[in-house]
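Using the sequences and the hints given, assemble the complete structure.
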Amino acid sequence: MISANRRTLLRVTGFAALATALGTFASPADAQEKIRIGYAISKTGPYAGGAGITTLPNYELWVKDVNAAGGIKLGDKKLPIEIVEYDDRSSSEEAVKAIERLANQDKVDFILPPWSTGLNLAVGPTLNRLGYPHLAVTSVTDKAPDLAKRWSNATFWLGTSAQISEALADLMGKLKSEGKIGPNIAMVSIADQFGIELSAAGREAFKKHGFTLTYDKTYPMGAQDLQPLLKDAIASNPDAFIAFSYPPDTIALTEQAQLLKFNPKIFYVGVGTAFPLYKGKFGAGSDGVMGIGGWNADSPQLKDYLARHKAATGKEPDRWASSITYASLQVLQQAIEKVGKLDRAAVAAEIRSGTFDTIIGKIKLKDGLLQEVWSVGQWQNGEFYALAPASLPGARAPVVPKAQWQ
Amino acid sequence: MLLVDIILPGLVLGGMYALIALGLTLQYGVARIMNLSYGESLVAAAFGAFSLYSGLGLSPLAALLLAVPVAMLLNWLLYRFLLERLMRRGKDRGAQEIDSILVTFGILFVIQGAMLVAFGGQYYSYSYLSIPVVVLGSTLAVNRLVALLFAALVGGAVYLALTRTRIGTAVRAIAVDANAARLVGIDVAALSGLAFAFGGGLVAVGGVLVSMFLTFNAAMGVVFTMKALVVVIMGGVGNVMGALVAGLLLGVVETAVARLVDPGLTLAATYALFLGVLLIKPTGLFGRAAP
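In order, the protein sequence lines correspond to chains A and B. full-length UniProt numbering puts the first residue of the first sequence at 1, with every later residue one more than the last. full-length UniProt numbering puts the first residue of the second sequence at 1, with every later residue one more than the last.
Any given hint could turn out to be false.
[What the hints assert, rightly or not] Using C-beta positions, here's what the derived DEER-type ranges look like:
(1) P282(B) - E383(A): 56 to 64 Å
(2) V176(B) - R129(A): 56 to 64 Å
(3) A235(A) - A190(B): 52 to 60 Å
(4) I83(A) - V70(B): 34 to 42 Å
(5) N381(A) - L73(B): 43 to 51 Å
(6) T283(B) - R129(A): 34 to 42 Å
(7) L61(B) - Q371(A): 48 to 56 Å
(8) I83(A) - D177(B): 39 to 47 Å
[As the list claims (entries may be wrong)] Simulated crosslink set (SDA-like; lysine to any residue; CA at most 25 Å straight-line):
(9) K64(A) - G55(B)
(10) K315(A) - F47(B)
(11) K315(A) - G55(B)
(12) K265(A) - T139(B)
(13) K310(A) - L56(B)
(14) K64(A) - A118(B)
(15) K315(A) - S127(B)
(16) K64(A) - L116(B)
(17) K261(A) - Y128(B)
(18) K310(A) - L116(B)
(19) K261(A) - L145(B)
(20) K315(A) - Y126(B)
(21) K261(A) - M1(B)
(22) K281(A) - T169(B)
(23) K281(A) - V133(B)
(24) K281(A) - G55(B)
(25) K281(A) - L52(B)
(26) K217(A) - D5(B)
(27) K281(A) - L145(B)
(28) K281(A) - A118(B)
(29) K217(A) - A272(B)
(30) K97(A) - F105(B)
(31) K265(A) - P132(B)
(32) K261(A) - P132(B)
(33) K143(A) - S177(A)
(34) K281(A) - S54(B)
(35) K217(A) - M1(B)
(36) K315(A) - A114(B)
(37) K64(A) - G113(B)
(38) K261(A) - L136(B)
(39) K310(A) - L145(B)
(40) K281(A) - V134(B)
Simulated from the structure, these hints should not be mistaken for lab results. The beta-carbon is built from N, C-alpha and C at its ideal position, and this holds for glycine as well.
Here's what the structure looks like:
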């Protein structure tokens with residue numbers, strides 16, 4: 001028994017050694033044949049839901065698009081992309097370990113980011129130390145400007161919590177001055193970094209615009225019944241209901257609001273509002289609901305992107321970070337092509353300083369941050385149009401008060 | 001009527017907790033399988049109901065007729081060809097529990113992996129019986145009321161079957177002492193398999209009904225396993241009535257805390273209640289100390 005085990009062990013070790021040796025010898029030759037790009041993404045665990053809609057389909061679509069066009073242009077030839085993929089299991093430790101592995105063992109040329117604020121902040125220092133460009137797309141944090149200063153390789157694409165809350169408060173302030181809504185707001189938020197940052201920024205921004213918070217509570221992640229919360233929010237008789245929520249709660253809050261016939265003039269819910277799932281579930285009932293994100297749905301490039309996304313992945317993209325994720329990958333590709341060689345530091349510098357043509361228009365980052373980001377959108381006739389900041393081209397006028405639930 | 005407005009929605013939430021715990025109480029209490037893949041099985045049933053509803057337009061209540069026998073058969077096969085061997089090999093209850101934990105931990109990843117391949121990681125949700133109904137001045141959703149009704153009916157039926165029938169008595173005997181049950185001529189392996197399969201059927205009932213009003217994805221199983229474990233242990237392992245009462249109690253306490261104290265403390269209240277019950281009665285509300 002022991003000897004059999006030992007033999008198996010020897011055989012396994014032998015294979016492993018052989019595989020490693022082959023891998024080591026093979027990689028320098030490979031380097032000229034293709035560009036190896038790696039990522040660790042949440043395929044399991046609590047973040048799988050968000051990663052599965054916003055990030056992963058866009059990685060797949062982009063790789064498909066690039067390879068169909070022959071690859072990334074490097075000097076005078078085009079190199080196809082080869083992908084190395086891991087599951088970070090929604091855990092910071094796993095995500096960091098996977099990054100180390102991608103860099104040191106798989107020796108990939110570039111690394112794409114994980115999904116969520118938490119995981120992007122977790123892998124940030126490692127990507128910085130290893131010298132890989134870090135496209136922290138799906139991260140919303142007020143620390144972004146500081147982090148972009150500290151990590152010269154990193155870029156942030158969704159704006160800060162303060163930006164998002166301020167854009168919402170601005171929009172509502174304008175509606176209040178037009179007499180379309182009153183000064184009372186009921187606000188609920190999920191008790192994690194996302195909810196805490198956005199509600200903290202919201203409290204300040206709403207106060208600045210002369211609003212009163214008649215109800216202001218947090219709820220824990222994974223709450224299975226939000227009706228008690230909503231009943232007290234309704235009892236406070238608000239003009240606007242604001243929820244900084246995650247997809248399951250976004251759905252649950254909307255469903256309960258419909259059941260309770262709660263029809264505030266503004267009904268705003270968080271992550272998930274911009275998902276095709278939302279429209280799919282509530283149909284015409286989604287009309288008038290405001291949420292985080294938005295896009296310029298009339299743009300021909302985005303219409304084309306929507307069609308390609310649907311054809312390649314079988315589903316529509318979300319109307320917030322999906323198109324930005326795809327655009328960030330276009331930026332990466334163009335930066336590599338401009339630099340003309342696999343020089344990661346030069347590519348990172350180019351991403352921060354260059355101007356790029358993407359599906360969301362011309363992009364030029366400032367201080368490592370994408371400045372012009374949609375913060376508030378609204379479902380209008382089956383499409384999630386961007387409302388704020390109103391200064392951006394393509395912003396639509398809000399429909400207020402929201403029609404009664406149907 | 002704040003009191004009614006707490007108790008009714010609380011009972012409805014608790015009904016769901018009881019419903020998702022009923023299957024585990026049979027699988028763990030009687031068949032001795034600490035089924036860590038419990039939540040994944042529940043989500044799999046939810047996906048099944050979703051597919052039947054969105055693909056064929058079959059209502060979730062009709063889907064039950066299909067899902068329950070299929071789940072029972074699958075669970076019976078699982079017990080017969082995998083778990084029974086472990087149960088026979090394990091020297092005592094402790095060893096059996098550890099083996100079953102390890103195996104079902106593996107099964108968890110198999111089910112989750114299959115769901116990820118089939119449905120991906122994103123969220124799913126559909127609307128069925130999402131109609132408001134006013135009971136004593138409190139607005140409730142019909143789909144959640146249906147879940148409560150099923151929990152009460154199924155729980156009651158299983159309780160009666162366990163206490164009033166010959167097979168039920170035999171099953172309870174196994175739960176108390178499998179070796180002694182064997183001595184009086186009870187076919188422990190066959191009945192344990194039956195209890196496990198029946199538990200699997202109840203998981204399917206829970207999954208199908210819950211899918212009518214909760215948003216779910218392939219990664220969410222662990223949430224249900226945890227909640228079911230809390231309810232089962234609080235109610236007294238293997239006690240159906242205990243699971244029912246503990247589930248309802250949990251729902252009412254969570255709703256009361258959300259309305260009267262702070263919605264942020266519902267999770268804390270769950271575990272405070274759980275610890276409180278275990279401190280006062282370590283075997284759970286309806287549990288009896290092992291002889």
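Hints and how they fare:
Distance hint for P282(B) and E383(A): a CB-CB separation of about 58 Å, consistent with the stated range 56 to 64 Å. A hinted range of 56 to 64 Å for the beta carbons of V176(B) and R129(A) is consistent with their spacing of about 59 Å. In this structure the hint that A235(A) and A190(B) lie 52 to 60 Å apart at CB holds, the actual value being about 56 Å. In this structure the hint that I83(A) and V70(B) lie 34 to 42 Å apart at CB holds, the actual value being about 37 Å.
One distance hint, 43 to 51 Å for the beta-carbon pair N381(A) and L73(B), holds here, with the actual separation near 47 Å. For the pair T283(B) and R129(A), the supplied restraint of 34 to 42 Å is violated, since their beta-carbon distance comes to about 53 Å. In this structure the hint that L61(B) and Q371(A) lie 48 to 56 Å apart at CB holds, the actual value being about 52 Å. The hinted range of 39 to 47 Å is not satisfied by I83(A) and D177(B), whose Cβ atoms lie roughly 56 Å apart.
With a C-alpha separation of about 29 Å, the suggested pairing of K64(A) with G55(B) is violated against the 25 Å cut-off. In summary, the hint linking K315(A) to F47(B) is supported, as the alpha carbons are separated by about 17 Å, within the 25 Å threshold. A hinted pair counts as satisfied when its Cα atoms are at most 25 Å apart, and K315(A) with G55(B) qualifies at roughly 16 Å. Pair hint K265(A) plus T139(B) holds up; C-alpha atoms about 21 Å apart against a cutoff of 25 Å.
For the proposed pair K310(A) and L56(B), the alpha carbon gap of about 22 Å is at most 25 Å, so the pair holds. Of the pairs offered as hints, the one joining K64(A) and A118(B) holds, with about 21 Å between alpha carbons and a cut-off of 25 Å not exceeded. For the proposed pair K315(A) and S127(B), the alpha carbon gap of about 19 Å is at most 25 Å, so the pair holds. Annotation: proposed proximity of K64(A) to L116(B) holds, straight-line Cα distance about 21 Å (limit 25 Å).
Only pairs whose Cα atoms come within 25 Å are accepted, and K261(A) paired with Y128(B) is accepted, the gap being roughly 17 Å. Note on K310(A) and L116(B): the hinted pairing holds, with a Cα-Cα distance of about 19 Å set against a maximum of 25 Å. Under the criterion of a C-alpha separation no larger than 25 Å, the hint pairing K261(A) with L145(B) is consistent with the structure, at around 18 Å. The straight-line distance between the Cα atoms of K315(A) and Y126(B) is roughly 16 Å, inside the 25 Å bound, and the hint therefore holds.
At most 25 Å may separate the alpha-carbon atoms for a hinted pair to count; K261(A) and M1(B) meet this at roughly 19 Å. Straight-line distance between C-alpha atoms of K281(A) and T169(B) comes to about 46 Å, which puts the hinted pair past the 25 Å bound. Distance hint between K281(A) and V133(B) is fulfilled; the C-alpha atoms sit about 20 Å from each other, no more than 25 Å. Taken as a hint, the K281(A) and G55(B) pair is honoured in the structure, with Cα atoms around 15 Å apart against an allowance of 25 Å.
Annotation: proposed proximity of K281(A) to L52(B) holds, straight-line Cα distance about 16 Å (limit 25 Å). Distance hint between K217(A) and D5(B) is fulfilled; the C-alpha atoms sit about 19 Å from each other, no more than 25 Å. The straight-line distance between the Cα atoms of K281(A) and L145(B) is roughly 20 Å, inside the 25 Å bound, and the hint therefore holds. Taking the CA atoms of K281(A) and A118(B), the gap is near 20 Å; set against the 25 Å cutoff, the hint holds.
Between K217(A) and A272(B) the CA atoms are separated by roughly 21 Å; this keeps the pair inside 25 Å, and the hint holds. Taking the CA atoms of K97(A) and F105(B), the gap is about 23 Å. The hint holds against a cut of 25 Å. Restraint check: the Cα-Cα separation between K265(A) and P132(B) comes to about 21 Å, which is no more than 25 Å; the hinted pair holds. As the CA atoms of K261(A) and P132(B) are separated by approximately 9 Å, the hinted pair is consistent with the 25 Å bound.
Pair hint K143(A) plus S177(A) does not hold up; C-alpha atoms about 32 Å apart against a cutoff of 25 Å. Between the alpha carbons of K281(A) and S54(B) the distance comes to roughly 11 Å, so the proposed pair stays at or under 25 Å and holds. Only pairs whose Cα atoms come within 25 Å are accepted, and K217(A) paired with M1(B) is accepted, the gap being roughly 22 Å. Restraint check: the Cα-Cα separation between K315(A) and A114(B) comes to about 20 Å, which is no more than 25 Å; the hinted pair holds.
Of the supplied pair hints, the one linking K64(A) and G113(B) holds, its CA atoms being roughly 24 Å apart against a limit of 25 Å. The hinted pair formed by K261(A) and L136(B) meets the criterion: a straight-line CA distance of about 17 Å does not exceed 25 Å. Proximity of K310(A) to L145(B) is assessed by CA-CA distance (about 37 Å); at most 25 Å being required, the pair is judged violated. In summary, the hint linking K281(A) to V134(B) is supported, as the alpha carbons are separated by about 23 Å, within the 25 Å threshold.
The structure shown violates the earlier hints numbered 6, 8, 9, 22, 33 and 39.
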